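Colleague: Next come the chains, spelled out residue by residue.
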Amino acid sequence: MIRKHLFRVTILLFFALSLLAQAPQPAPVKVDSDTVAGIGARNIGPAIMSGRISALDAVYEKDRLTIFCGAASGGLWRSKNGGTTWKPVFDKYNQSIGALRIAPTDPQIIWLGTGESWVRNSVSIGDGVYRSTDGGDTWINLGLSASERISAIEVDPRNPEVAYVAAQGPLWSSGGERGVYKTRDGGKTWERILFVDKNTGAASLAMDLKNPDVIYAGMWQHRRLPWTFESGGPGSGFYKSSDGGKTWTKLNGDPKRGLPDGILGRIAVAIAPSDSKVVYAAVEAKDGALYRSDNSGETWTRQSDSVDVMLRPFYFSFLAVDPKDPLRVYKPALFLNASSDGGHSFTIVGYSAHADFHPMWIDPINPERMMVGTDGGLYVSEDRGNSWRMVPNLPLAQFYHVSVDEAQPYNVMGGLQDNSTWRGPSKAGGGIANRHWSNLFGGDGFWAWADPTDADYVYVEYQGGEMARKNVKTGGSRSIKPQEGPGESRYRWNWNTPIMPSPVEKGTIFVGCQYLFCSRDNGNSWERISIDLTTNNPAKISNEKSGGLTSDNSSAEMHCTIYSIAPSPKNAKLIWVGTDDGNVQLTKDGGKTWKNLAGKITGLPSRTWVSWIEASPYAEGTAFATFDGHTNGDMKPYIYRTDDFGQTWKPLITPELEGFAHVVKQDPLNPELLYLGTELGLFLSLDGGQAWIRFSAGDFPRVPVRDLAFQTREHDLVIATHGRGIWIVDDLTPLRALKKDVLEKDVALLPSRPQQRLGLPFEGWCEGDQAYVARNAPDGINIAYYLKKRLLIGDLKLEVLDENSQVLDTPPVSKRRGINRVYWSGELKGPKVAKGSTPAFSAFGGPMVPEGTYKIRLTKGKEVLESQVQILADPRSPFTREDRVACFETVKEVAKMLEDMAYTVDRIADLQDQAKQRGNEIKVDAQKAKFVKFVKALETKRALFVPVREEGGITGEERLRDYLASLYGSINGFEGRPSKTNLDRKEALRKDIQKATDDAELRIKKDLVELNAILEKAGMKALLPMERSTWNDKQKK
Amino acid sequence: MKKIVFWMILILVVSVAGFTAEENVDQLIAKHLEARGGLAKLQAIQTMRITGKMMYGPMELPINIEFKRPNQIRIEIAVQEQTIVQVFDGKQGWSINPLAGYQGGKKDAQPMSPDETKEFEVQADIDGPLVDYAKKGHKVEYAGQESVEGAQAYKLKVTLKNGTITTMFLDADTYLDVKDSSKMNIRDTEVENDVIYSDFKEVDGMLMAHAMEIKAKGAPEGQKMIFEKVELNVPVDDARFVMPEKAPEAPKVPGVSS
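Residue numbers (this note's numbering), protein chains in the order written: chain G, 1 to 1037; chain H, 10001 to 10258.
Keep in mind that a hint or two might mislead.
Stated by the list, open to error - Cross-link-like lysine to aspartate or glutamate pairs, in silico, DMTMM-like; alpha carbons within 25 Å at most:
no.	chain 1	residue 1	chain 2	residue 2
1	H	10157	H	10190
2	H	10161	G	987
3	H	10161	H	10127
4	G	936	G	1007
5	G	80	H	10116
6	G	92	H	10221
7	H	10031	H	10204
8	G	892	G	795
9	G	860	H	10228
10	G	860	H	10202
11	H	10215	G	795
12	H	10161	G	134
13	G	650	G	634
14	G	789	H	10180
15	G	80	H	10190
16	H	10229	G	900
17	G	62	H	10115
18	G	30	H	10173
19	H	10157	H	10116
20	G	829	H	10199
21	G	745	G	866
22	G	862	H	10173
23	H	10217	G	910
24	G	1034	G	799
25	H	10139	H	10125
26	G	860	H	10204
27	H	10106	G	910
28	G	80	H	10180
29	H	10041	H	10190
30	H	10215	G	769
31	H	10215	G	532
32	H	10183	G	57
33	G	256	G	305
34	H	10106	G	866
Hints listed in this document are in silico derivations from the structure and should not be mistaken for laboratory results. None of the values given here were measured: they were computed from a predicted structure.
Just chain H, with the same shape it has in the complex (with noise of 0.2 Å):
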């Protein structure tokens, strides 16, 4: 009899702990879309604005992100005054970089190469890569569970469309999205980093990221980034993303002094 209570014991714990191993892909993206706070609220955002700084060793360099549907996103990252830009405008990428050269200066748009723009586009998803992943044209498998700096996670390999390879961890206590494992083709030259997320808070009822560290992988430490400020549906104007055709005024990051 004890015997038999002993089997039917593991045998339970085996098909319970079965069910976890082999978890729904579509279940969990449900769970993480959940726990972010609705895909609803989600999809409700129009426009997003992050201002933050970036730690640069003993430089603390502002650093403003602004979404737009569909597919818009500008990066700025402010070096001194001097602003990086970084724009997907849904079709093409271009940067201004003031920095480049000998001694910097020039604040001309340059368009994006095609590797680079691919990559941009896909920061440019609100969304993230799961929602409607398949229409995007996205391929999504479970990849199996992972400790993230010490917490479970479960993980999703996605597949973009553009070929990018991103291993999403989802953190098994939360379905939070806690870390991106990309590996993403430059010029036919693999790249690989990871980013790692935390600091989660509410935004008008959706949890956000608040920190963030990009790091090459294998690397020690990364690039990490605080956010201080996450603001949804703030008028953002189309023509952040236009591509300038000459050189413009030096480009004002809100929330930075000029």
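If we strip away everything but chain G, and leave its shape as in the complex, we get (with noise of 0.2 Å):
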């Protein structure tokens, strides 16, 4: 029967490829990440305030520390070098750090649980266990993907292939995969072998190194939503096994054992290295308090209370002890908090790293050192937490919004989590460096922007709508928060307090709360446009409450506000506003009436957070909208569009999708390329949202993308990352003209904006290897092009001409499938210089052409497709074209009498060779001396043009070549006209020149005559000095 079937089945399958063979369909176009990977992008950091590290794990190999540093949303990254270098080996998967265990017996064998666990408001999501057996380079996926967040690994030091897994679960929804897991086979399979309820996730796990069967484990019950956070429940339990975790004691509940009564918390649990009797546990409670067991967890005493210790246990719940010492304990929270005496009393250290300590490691060899990792980065210290070193270079910067400016070169700025708001360059000097960026404000920062009315100031905010206009020049700022009047409600300002300027009336800003504010006197006063645009329901007013057993209210809940504003490109009176609880409102009338369109939104879910809303450029009515509900426990990401003011949505959401939504733009210029930003990445749309496709480009990771900006001077696009820093496409030209028909060429150019040149001068200097310099846009003039294809086999040729169609370079093509990029460097080739001992090194450069339209031809097979390409002055040069064209030609000029001299020299030399082969050949000694001097001779004149020394030291061996070639330096190295010492000097040089060059030829015409006498009568070969015609065809091949 089934063979029947099968039969039937490769008839079918038969059939059906066939009729394939027999009418070839063109493959439709395949449109991918590849295909617009060519495009690049950069990361310009910045790494100055780092950004929130969620794990650590160190080892030493042979005597070199190896590091791994996991971020919260930024990745994990690795330094082999005790971290003076890093670098991200974790960029292609899920880039929120929950733990990170290097196996005790292998330093190759690293497991790594995402997610992260100090759960936060802004806290992203993991996908499951991973586990790398090279050291970090390549990972595999094995598993517990619906446990959302891993809190701890431990690996049996018997065996790197049994490691636990503490699975805290799904924060904003119960369910999920919770518990302690084991696995036995290196992750191939999972036991569950602690598990409370589907509220209730482990939270914390240790193993005792010195007998691994035995495993603490801290379960919690905790739930975020929307408007509260809740730690501690029923479920909450302390845990301990002796088993490897077949059978558990539960070690709260019991008085004998002096923990403390009634519901628990979050606990923190650690062993003590040097005596594993000597347990340590945080444990939050209604009278929450650090505990001390010195008898394997049998009875515990109480140890320090301090809020210090025990703050906020939802975000500071790792314990660590000193190697050598069980009585040096430290619970970093705020501050490091270090106890000398078993925990009985703390000091705070390390108030200068960044506040807000997580995890900690401390070198088990030498306890002086450690290193925590903080919401601003990665600190070292060397002296017990005395003191503190920040690692300056992982840019984990954790952006909520990015906008820019119109300086040249523009900036860019943001807010970040825990990390103020900072401004820095799209371009500096030698490359962007930490030093280039400016603290704005402080706090968590949000949403910033440069005044269009005054470049001098911004607008800034930290958490809960504390906004400012801010001086960057003087730092004075003015506090700009709209107030209640008298008896009116309290306002209710996210978290994440929208500020938005308008795009059509220069000055006017608009915010919100539960009510929307514009201001047209730059926050000098505020007029309230709109009712309450929120669902107002005191449910979800409920912030004061926050915290269950340790009260957390940080405005971090406040619910039922105003999310997204979005005026109208087109009509000033047209505003959108979207809510965190699914409001859609729409005035018309610039704030007098509002239309609610929450339920006109098919197949979302109702009250869904509208993350975004961007009014469309191009159409009054039309909108795109992004919703997440994730704080509701839904990951989906929902993108919609409207072209009738909200009366319908069309969902663009398909499956290539990935993450809950943050932001979606329209592009300017193409309205068909869209922009979507989510937790897990950013997605590009060339069809209006019919498809999506991963962005990919300059290994761009699968990080939370919150923000996107447009620099329209520039054609930038600049993505804000959650944990990433600040990422720019240069020039988005070429990807706007992917439209339908140019994908289906073989082969096309692509425009390129008209390419400015920027001067800028080189700042920087030696500083080691351990400073930060993000890279610059390419140098040089960008040319784009498309293939269909990969071009494997086969010649592509691009030159750039000028407009005379005399071809200035070609120069060298890359082939890849989709957007290509060649950057020329805009120079001629630099000229042929005479050979001497030494190389000329001031006359490596080209000539740089001046500005105006170049011509660029492309040339694949039979096809020449041509366009070309803008070169603009610097706009703020103090020199004319002229003047750039005077260089040009002198530059050009002198390149020139390098070459001649060039040939004069080889003319000599070869001359020099054949007088040597010639004297060699000769019998007659008196005749053969006659050569030898020749030869002598020629060199003294050879000596007068180039150096002859071979030694190598530093002989300031000078000749004419280096004087032409170090003036070449200077009038090129220079934008403006040659100096009038300068082109004295080349007319000066040129009689010097041309003194040594008739010198030298009247001795070798002298000679000649003697010499090929001499030949002739030996019936030898007549020496034959080289010709221009022979010298120049030698220089073509």
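Hints in hand, dock the two standalone chains.
Modeller: So this is what it looks like as structure tokens:
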């Protein structure tokens, strides 16, 4: 029976395939990440404030320290030199790191749990456990993907295939994979060995490395909702197993053991490595404290309950014990708390580091040395935390938003999680370093805008709507937060309060609490232009009750607020507003009347957070919106478009999309080109949202993308990632041209923006390997083209031509599928320089072509395509085009002089070779001597032109070639008209060179008569000086 | 019935896909060698000379590479007529760098460090590491598929005898080696780079790359090279590989004027 079916199926398949073969349809053009990867993207950091570090581990390999540093939403970084240089090793995977553990017996095996366990409101999500068996180069996902977050991993020191994983479970919903899991086969299979209920996860784990069957686990009942956080519940408990997780003893709830009674919250646990009977537990409870057991958990004694030690357990729940001293214990929290008396008393160390300490590593060989991960990066101490050194090259900035200004080069600015608001340049001399960034405000930063009416001012804010207009020159700032009037209900400002300048009225700004406000005088006064636009649901306005066992009302849980404001670029009176409780509101009359469109979006779960509304720049009735249900446990991406003022909405959701959605933007010049940022990366659509492709250009990681900005003058896209700083896609022009008709061509030249020259003084110096310097846009003239297929066999030639169709250069090409970019230096080839014993370094560069329009010719087989590229002069340049042309022409003239000299010197050297060879063959000694003498004489002539000493030291030997090369470099290194000194020098050198050349020629002419007569008599070939034409031919080879 | 057909197709598709995913290493190598022109032709190559240029900003540096069995290689790059020479003579590596120091000029040969030598030795193998890999002491593993510049490629993880790990990417359509991603240890420090090959042309019945880009891993751009001429079995004097005892005459780059 089965065979029969199989036979039929095979026939069917065969039939189908043969049909395909008979009628070959043109295969649909493949459009995917690779199609656009050639556009590139660059990370400009910053690293100065770094970002939240969530997990750490380190190991000595021989005498070198390898460190793994896991970021909250910036991936996994590895240093193989004790923290001097770092490399991201997990960019293809989830960027939220929860836990990591290097196998104690094999530093090549690293276990990694994704999903940060420090569950603040902005925390990201993970997708299970990974493992590397090659020191972190490659990774395999081992499942537990429904755990959402992993808080701890322990690896059996007897066998690195045996590991225990604390799965903390989903934060905003019940269920998922929670509890303690064990694998005995390297993660192929998992057994859940400790489980309480669907609301309780494993938040800590500690293994006794001396007796690896002994394990402690802290189980934690907790839940976050958009308007509250609840830590603690009957599910929480402290457990111990002494048989590798087969059986567990609950340590709390038995008064004899000495742990607190009643409901518990989050529990941190650590075992003293030097004496594993000593165990510490920081226990969140109504009257929580640090507890210590000196008998492997049998009984516990209460230690410090200071607020510093027991602060915010959901955020600070890590304990570390000195590797050599069991009574020296550390509790990272707001700062680092250190105890030398077994936890009885603590003092704070480490005020100089960024606040909010999470994971910690203490050097097992030298416990004076330690590392901590904070909200503001990784810090290293060599004196037990008394002083700290920040690691300045981990670019983990967690931006919430980004905007750009109009400066030249333009600046980007935006606010970050617990790291204020920063501004930095898109380009800087020598690259963008930490020193180029300036801190604009404080607290947690969010929206930031340059004031379009005055370049000295910016709008900035910190959490809860604390906004200001700040003078960036003087530092003075004025609070501009709207304030309640008499009897008015309290304003509710979101953690991430929207501030939005009007795209049509310079100087007008909008901000929103539950009401929308508008200011037309830079925030000096405000007009309330709406009713309460939220649901104003008392059940969801309960932030004062937030925290559970430990109060936590930081404004992070403020709800029923305006979250997105989108004033139309087409109409000043048309404003869209989105709220965190799911309202989409529209006014067409500047706020007099509002229409709630929330019920009109089919397929969207009710009350889903409106994460973004974007009013289209093309049509008044068109808008795009993203919705984010993750704080209700719904991780799906939602993106919609309306073309009728919100009456109907079309979903633009395809299976390619991953992660809950934060931001959508429509390209300002190509309406079909859409950009979507989600928690798991950036996506593009070339066809108005029918299909999406993941953006992976420039190795862009799977990082949360929270905001996008266009720099319209430069045609750049600026990407705000929450975890990996700012990325720039330089010049979107080729991407914008990637329309259907172009995609179907085998090869097409794509337009590029006019290339603005912008000189910047080189800054910086030798700063060692730890200095962070981000790349500028590639130097050179950007030429772009499209290939339907990767070109492996066959030529592709690119030429740059001047206005007379003279070929100036043939830059090497790339041949990838999709967009290709070639950066032409804009320089002609460097001059041919006379050969001496040393190189003439000053003549390495070529003449820089002046601004203008240049022709581009791309030849693929028989197909010849032509277009143009425009080079614009530096707008700040004090020189005219005539000045630059004068420079260009003079440089070419000196290049010609260098080349003429190269010929002269080659002519002499060639004649020396000929004379040497003839001299060797001649039998008569007296005649032989004449040849030797001639060679020597020519050598003194040659030595007038070029250095001839070969010893390699600092001979200081400079000859005519070097003087001329030096002049060449001097003129070519300056943009303007050559100085009189240089022009005079050129003429002086011309005369000296002529004289030296005439001298040499005279000698040649004189001696050749005699020598050639000798040769003729001997029947040998005459000495023949090389003609210029022969030399020219040789150069062409 | 319909349902059964559906499942059957699914099974067939899955099993076909499963087969390609688990490409056998030796099969892949055989296809790769076939794509290059076949093992016989490859092994008949006794010497090879490649002439071309390396792009270095606005400069085009003439480059000349000579191979000779067994395991000898000489690379010359000329900068303003100053020729940088790097040689592996089958046993040791040596180099001449007339650009060294403040003003350059010295043209004596210096021995290469053992780490550099062991990397260079690999380059000297005309056949490439896949031919007789086991005999050479290399290990080859299939490492899945990945896209290289927009085209699928099979990955072979080659652990060389010297410890260097090179992932070779064989184009899924042609089986040509389109990229090598290497991780080597120089002074116990990892150095990673990628080499991307393109512009394959036929030379005496063999397909050979005529363009190459070498870049540090993660760098947006690298050093591009264009090979204008690839010559097989041309006379190459053994003396070309012998380390000179004293400063020699400035070496001449064939095809480059001097």
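Colleague: State for each hint whether it applies.
Modeller: Structure-based check of each hint:
Proximity of residue 10157 of chain H to residue 10190 of chain H is assessed by CA-CA distance (about 17 Å); at most 25 Å being required, the pair is judged to hold. A threshold of 25 Å between alpha carbons decides the hint, and for residue 10161 of chain H with residue 987 of chain G the separation of about 61 Å lies outside it, so the pair is violated. Proximity of residue 10161 of chain H to residue 10127 of chain H is assessed by CA-CA distance (about 15 Å); at most 25 Å being required, the pair is judged to hold. A threshold of 25 Å between alpha carbons decides the hint, and for residue 936 of chain G with residue 1007 of chain G the separation of about 12 Å falls inside it, so the pair holds.
With a C-alpha separation of about 20 Å, the suggested pairing of residue 80 of chain G with residue 10116 of chain H holds against the 25 Å cut-off. At most 25 Å may separate the alpha-carbon atoms for a hinted pair to count; residue 92 of chain G and residue 10221 of chain H meet this at roughly 21 Å. Restraint check for residue 10031 of chain H and residue 10204 of chain H: the C-alpha separation of about 19 Å stays at or below 25 Å, so the hint holds. For the hint linking residue 892 of chain G to residue 795 of chain G, the alpha-carbon distance of about 31 Å lies beyond 25 Å, and the restraint is violated.
For the given pair, residue 860 of chain G sits about 17 Å from residue 10228 of chain H by alpha-carbon distance, which is consistent with the 25 Å threshold. Pair hint residue 860 of chain G plus residue 10202 of chain H holds up; C-alpha atoms about 18 Å apart against a cutoff of 25 Å. At roughly 22 Å between alpha-carbon atoms, residue 10215 of chain H and residue 795 of chain G fall within 25 Å of each other, so this suggested pair holds. Simply put, residue 10161 of chain H and residue 134 of chain G have alpha-carbon atoms about 17 Å apart, close enough for the 25 Å limit, and the pair holds.
For the hint linking residue 650 of chain G to residue 634 of chain G, the alpha-carbon distance of about 20 Å falls within 25 Å, and the restraint holds. Annotation: proposed proximity of residue 789 of chain G to residue 10180 of chain H holds, straight-line Cα distance about 20 Å (limit 25 Å). Distance restraint check for residue 80 of chain G and residue 10190 of chain H: the Cα-Cα separation of roughly 9 Å lies within the 25 Å cut-off, and the hinted pair is therefore satisfied. Simply put, residue 10229 of chain H and residue 900 of chain G have alpha-carbon atoms about 29 Å apart, too far for the 25 Å limit, and the pair is violated.
Distance hint between residue 62 of chain G and residue 10115 of chain H is fulfilled; the C-alpha atoms sit about 19 Å from each other, no more than 25 Å. With a CA separation close to 15 Å, the supplied pair residue 30 of chain G and residue 10173 of chain H stays within the 25 Å bound. A distance of roughly 21 Å separates the Cα atoms of residue 10157 of chain H and residue 10116 of chain H; the hinted pair therefore holds under the 25 Å criterion. The suggested pairing of residue 829 of chain G with residue 10199 of chain H holds, with an alpha-carbon distance near 23 Å, which does not exceed 25 Å.
For the suggested pair residue 745 of chain G and residue 866 of chain G, the alpha carbons sit about 15 Å apart, so the restraint of at most 25 Å is met. With a C-alpha separation of about 24 Å, the suggested pairing of residue 862 of chain G with residue 10173 of chain H holds against the 25 Å cut-off. For the hint pairing residue 10217 of chain H with residue 910 of chain G, the CA-to-CA distance comes to about 44 Å; that exceeds 25 Å, so the pair is violated. A hinted pair counts as satisfied when its Cα atoms are at most 25 Å apart, and residue 1034 of chain G with residue 799 of chain G qualifies at roughly 23 Å.
Among the hinted pairs, residue 10139 of chain H with residue 10125 of chain H is consistent with the structure: their alpha-carbon atoms are about 16 Å apart, no more than 25 Å. About 24 Å separates the Cα atoms of residue 860 of chain G and residue 10204 of chain H, which keeps this hinted pair within 25 Å; it holds. As the CA atoms of residue 10106 of chain H and residue 910 of chain G are separated by approximately 22 Å, the hinted pair is consistent with the 25 Å bound. Distance hint between residue 80 of chain G and residue 10180 of chain H is fulfilled; the C-alpha atoms sit about 23 Å from each other, no more than 25 Å.
Under the criterion of a C-alpha separation no larger than 25 Å, the hint pairing residue 10041 of chain H with residue 10190 of chain H is inconsistent with the structure, at around 36 Å. Pair hint residue 10215 of chain H plus residue 769 of chain G holds up; C-alpha atoms about 19 Å apart against a cutoff of 25 Å. As the CA atoms of residue 10215 of chain H and residue 532 of chain G are separated by approximately 58 Å, the hinted pair breaks the 25 Å bound. At most 25 Å may separate the alpha-carbon atoms for a hinted pair to count; residue 10183 of chain H and residue 57 of chain G meet this at roughly 23 Å.
With a C-alpha separation of about 20 Å, the suggested pairing of residue 256 of chain G with residue 305 of chain G holds against the 25 Å cut-off. A C-alpha spacing of about 46 Å is found between residue 10106 of chain H and residue 866 of chain G, which places the hinted pair above 25 Å, so the restraint is violated.
Checked against the numbered hints above, the structure breaks hints 2, 8, 16, 23, 29, 31, 34 and satisfies the rest.
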